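The whole structure should be built from the sequences, with the hints applied where relevant.
Chains as they are written, first to last, in numbering that gives the first Met the number 0: chain Z, 0 to 270; chain P, 0 to 262; chain B, 0 to 592.
If you are wondering where the hints come from, they were derived from the structure by calculation, not from laboratory data.
Predicted, not measured: the structure shown is a model, and the values here were computed from it.
Possibly wrong hints are sitting among the right ones.
Computed list of lysine-lysine pairs in BS3-like fashion (alpha-carbon distance at most 25 Å, straight line) [claimed, not checked]:
no.: 1; chain 1: P; residue 1: K88; chain 2: B; residue 2: K405
no.: 2; chain 1: B; residue 1: K65; chain 2: Z; residue 2: K160
no.: 3; chain 1: P; residue 1: K88; chain 2: P; residue 2: K78
no.: 4; chain 1: Z; residue 1: K97; chain 2: B; residue 2: K405
no.: 5; chain 1: B; residue 1: K65; chain 2: Z; residue 2: K73
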Amino acid sequence: MKKVGKILASALCVATLVCGTLGAMTGCGSKKESITVSGSSSVTPIMEKLAAEYEKTHDIRIKINESDSSTGIKDVQNGLNDFGMASRDLTEKDTGVKGYTLCMDGIALIVNKSCDITDVSKADVKALYENGTSIPNSSITAAIGREAGSGTRKAFDDLMKIEKYLSGTSDKVVSEITSTGGVKTTIATATNSIGYISYGSLDDTVKAVSLDGVACTVENIMNNTYALQRPFVIVLKENGTLSAAAQGFYDYIMSAEAQTVITGAGYISVK
Amino acid sequence: MKKHIIEQFDLSGDIAVSVKEMNLYYGSFHALKSIYMDFPKNKLTALIGPSGCGKSTLIKSLNRMNDLIEGCKITGEIKIGNTDVYARKTDLSRLRKNVGMVFQRPNPLAMSVYDNIAYGPRTFGIRSKSELDGIVESSLKGAAMWDEVKDRLNKSALGLSGGQQQRLCIARALSVEPQILLMDEPTSALDPISTGKIEELCMELKKNMTIIMVTHNMQQAFRIADYTAYFLLGEMIEMDETKKLFAHPQNKKTDDYINGRFG
Amino acid sequence: MTTLTKIKTAKFFSKENIAKAIFIALAAFSILAVFTIIGYLLYASIPAFRDIGFFKFIFGSEWSAKSETFGIWRMIVGTFFLTVCAVLLGGTLAVFTAIWLVFYCPKRLKKIYTQIVNLLAGIPSIVYGLFGYKFLMPLLVDIFHPNNAGFGLLACTLILSVMILPTITSITKNSLEAVPMHYYEGALALGCSKNQAVWKVLLPAAKSGIISAIILGIGRAIGETMAVQMIVGNGSGYPFGAFVPFTTLTSNIVQNWGYATPSEQSALIADGFVLLIFILILNLCLMAVKKDGKGGNKFFSRRLRESDQKDTLKSYRRTGSACDALWIVSWVISLLVAFVLAFIVIFVFVKGFPHLSIDFMFGESGNAHTTLAPAFVSTTMLICLALVLALPLGVGAAIFLNEYAKKGSIFVKVIRLFVDTLAGIPSIIFGLFGMVFFVIGMNMGYSLWAGGITLALIILPTIIRSTEQSLSEVPDSMREASYALGAGKLRTIFVVVLPQAITGIITSIILSIGRIVNESAALIFTVGSASTFIPQGYGDSAASFAVLVWKFMSNGLQVNEAYATASILLIFVIILNLLVSLVEWLFNRRKKI
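Put into structure tokens, the structure is as follows:
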């Protein structure tokens with residue numbers, strides 16, 4: 000009995016120790032006020048930047064739960080967050096919520112840096128995604144898409160009028176990747192594929208190509224000549240009030256100060 | 000152990016254990032057939048016979064260790080003093096405390112020498128250190144090994160030699176002050192020197208304890224047993240005082256076995 | 000005096016009986032768990048079967064949230080092809096490896112090689128995925144120039160066959176070692192060379208064990224999720240070419256859950272349910288194969304135990320037969336396996352170490368800068384909760400199975416069957432179950448509670464089997480000694496038997512920790528992936544290390560951090576592996592004294 004007792008006792012000690020440490024850690028943390036923002040994974044990167052800026056000057060903890068636009072809106076309806084993020088305009092189906100545009104985002108078509116192609120036509124891209132037709136006069140033979148539920152994909156498919164991605168048994172079947180980052184890292188190594196990502200997530204690991212001669216730039220998105228663009232929307236409860244802390248953060252992200260962060264990150268200010 | 004937390008059996012008569020009309024089955028195998036035996040008090044009774052004849056089975060029935068074996072069924076009557084061993088309300092703890100057992104192969108528990116001896120008393124609720132110390136010392140002395148191990152009481156019992164382990168097991172059995180000690184071929188796994196020590200020990204112990212020993216070794220039975228019983232194929236062929244049995248066996252089968260004409 | 004004894008007696012017996020009842024209940028918990036998982040997943044997938052129609056769901060080839068048509072035929076075909084390919088390749092490699100390890104491995108190498116295979120088993124799925132995605136796929140593109148980034152059957156098969164190799168190797172090894180030595184001697188006596196004896200006599204003698212090994216390998220291949228999801232491409236193709244992006248039953252769930260509407264969610268759960276049915280069928284096959292139930296204890300352990308096996312077989316002479324060629328092949332394959340392991344580990348370390356810093360590991364984590372501090376806390380919390388729940392359950396169940404149950408009774412067989420079933424269920428199914436049962440059904444939300452409880456279910460079989468194994472190794476003579484002194488069953492179990500089984504229990508704890516650290520699929524579905532802040536309590540969502548690797552990978556901005564986190568994971572895995580060996584070594588040493 001004694002030995003087992005000893006073992007049990009030591010196990011208990013370890014458990015209390017661990018729990019104690021955890022308790023202490025959480026104790027320190029819990030003094031901070033916290034707010035929760037949830038929704039689109041496309042909006043998440045800029046929201047993280049804004050939150051990081053805001054946390055520098057305010058003693059607050061901003062939790063950003065990355066999922067998708069629909070979930071973000073659902074969470075607002077169910078009161079699970081302080082406000083939601085969507086990478087599309089609200090529709091009539093989204094009842095009980097209201098949206099404010101944070102900024103505009105372009106959808107950039109990207110290829111590997113070693114590709115010599117600089118411009119693609121809408122028809123070619125559509126043919127590649129739908130039928131697997133290689134883009135003429137280029138090394139691009141396959142397309143990379145996002146998973147079915149992605150907001151970026153919805154916007155891309157709608158704007159490009161793509162009905163359905165190629166299926167079947169050829170190696171040109173469109174690979175579907177669950178995240179912006181996944182698309183980017185794949186393109187960064189694959190010299191034969193084209194993909195699409197949020198303009199704000201564009202960096203020098205990949206190369207953006209112009210669409211029908213129009214480059215994906217801030218100016219072209221602002222003056223509406225670049226076709227692939229969509230709004231980032233902050234979703235609030237239609238007739239609810241924000242907590243003081245959330246209101247503070249909301250005011251900040253809608254302020255001119257925040258807009259400089261937004262444009263700095265490559266998104267297009269609408270103010 | 001001065002105060003007995005568990006009551007001893009009343010062994011006021013000359014007979015310590017009596018077995019009547021006992022049959023034992025392992026499943027459909029009839030292992031013991033209609034056994035009648037009386038084991039005299041404070042004597043050493045040896046059970047001899049070829050392997051598989053039911054000697055071990057019989058002594059395991061006396062402290063109900065056979066209960067652990069699946070499919071084992073017993074009929075008849077076994078009494079210790081006046082108490083029926085197989086009565087419904089028998090307290091197994093009390094039975095086994097008073098009927099100690101030493102096994103064929105030494106089986107010390109995987110703990111220190113001290114804890115091995117103290118295991119039994121602790122089972123019956125003795126917690127006081129001084130009392131336990133006393134029991135450990137007297138039990139080890141009783142098994143004539145105190146001097147050998149007194150300096151290594153806290154070492155693992157598994158580190159002892161085979162002979163020492165077996166005497167430790169005897170000491171462990173003694174620690175709860177049994178009235179009857181069952182020994183199942185206690186020396187079969189040991190060398191002659193260890194065997195000699197254990198035999199001496201038995202001679203000493205039987206002065207105030209009933210010992211029932213299974214042995215394969217007829218010389219051993221002859222040397223130390225007061226009574227000897229011969230078993231064959233699940234039947235008790237003959238039981239008598241050792242000298243008589245060996246000198247003038249009544250049964251032809253016994254004669255054959257003792258004189259090496261068996262098998 | 001008499002009355003005192005009697006009172007004591009009565010109480011004594013009732014204590015024993017209560018304990019027995021508790022042990023039975025703990026053992027029966029596995030049955031309950033399996034039924035709850037099957038039942039609840041079925042219940043949650045009923046809407047899908049009802050609305051879509053069973054046949055349309057199974058044989059429909061379109062999965063589209065837009066048009067609300069959900070059919071999994073494509074995924075079934077994908078899973079089937081991938082499994083067949085991976086098991087063919089991985090099974091072959093594994094059987095050769097096992098043969099080499101048992102018969103040809105030089106004695107000095109044996110320990111090290113055992114470690115290698117165990118390490119291969121310990122590498123988290125997510126790290127395999129990372130390796131396949133960042134190293135293997137580009138390599139394949141360079142070699143074969145397909146029309147895409149290298150997604151598809153070939154890459155998946157290669158990775159998956161390495162992942163199932165340890166399972167098959169360890170079970171094959173066990174059954175090879177169980178072949179009696181006199182078979183070998185008999186073969187030599189008839190004039191066989193060593194190679195002929197090994198391939199023509201010993202290998203066929205271990206046939207049923209090898210078949211079980213393959214079946215378990217199939218189960219593992221079917222259930223593998225995260226690594227496959229990263230390299231399969233998830234396109235709507237059929238895997239009839241080496242580079243067609245296709246979808247498997249598991250990757251479909253991970254791919255689409257995040258965005259799923261209620262009707263799609265139900266379809267995804269139904270997808271999981273179909274997967275579960277496949278696994279259950281495999282389990283039944285396994286039962287049929289090992290009809291005698293011998294060696295059942297060791298069967299599902301992915302870990303190799305260092306064998307007590309005698310020296311490597313002595314070789315007498317060699318003939319120029321095909322068996323000698325096989326001998327060479329087994330050498331080549333086992334060296335290849337060792338090389339692959341070394342390569343994966345070195346690849347991750349080389350990519351990860353430069354990005355490890357004290358600040359990245361322990362610095363304050365925030366939106367500006369995510370560190371690993373929250374992962375340390377949340378992983379620890381998950382380990383604690385899961386162990387606190389699973390340990391009493393598992394040890395109790397093992398005590399029942401080994402100490403109370405009659406050997407070979409139907410109840411025991413049923414419990415064993417269910418424990419094995421539980422062990423065979425892929426973690427994605429546990430994740431789905433945790434999601435619908437704890438997160439949604441019991442309203443826990445994405446939380447460490449939900450994750451910890453789910454993990455407890457996952458590690459339960461390991462603890463039961465490992466404890467049972469070591470309980471059964473305690474010699475009966477010790478129990479006899481205890482009973483003969485008048486001790487009751489409880490005292491015998493807790494004072495005599497359990498302390499000796501402690502090595503097995505500690506080993507199972509370490510293995511369970513390994514499993515928890517490795518787990519990603521189940522956690523994404525139950526704990527979510529909030530990685531920015533240290534969790535405030537068990538109600539919070541959080542990300543363990545493995546989930547963090549996945550998150551770093553998928554947001555694409557932090558590939559270096561993904562490597563760094565993966566190298567920490569690998570370090571954990573290596574340490575845990577060494578710990579197990581240390582415990583076993585200490586125990587063996589103690590036994591020898």
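Results of checking the hints against the structure:
Between K88 of chain P and K405 of chain B the CA atoms are separated by roughly 23 Å; this keeps the pair inside 25 Å, and the hint holds. Using a Cα cut-off of 25 Å, the hinted pair K65 of chain B and K160 of chain Z holds, with the two alpha carbons roughly 14 Å apart. Our distance criterion of 25 Å between C-alpha atoms is met by K88 of chain P and K78 of chain P, whose separation comes to about 14 Å. For the hint pairing K97 of chain Z with K405 of chain B, the CA-to-CA distance comes to about 67 Å; that exceeds 25 Å, so the pair is violated.
For the hint linking K65 of chain B to K73 of chain Z, the alpha-carbon distance of about 18 Å falls within 25 Å, and the restraint holds.
In terms of the numbered hints stated before, the structure departs from hint 4 and from no other.
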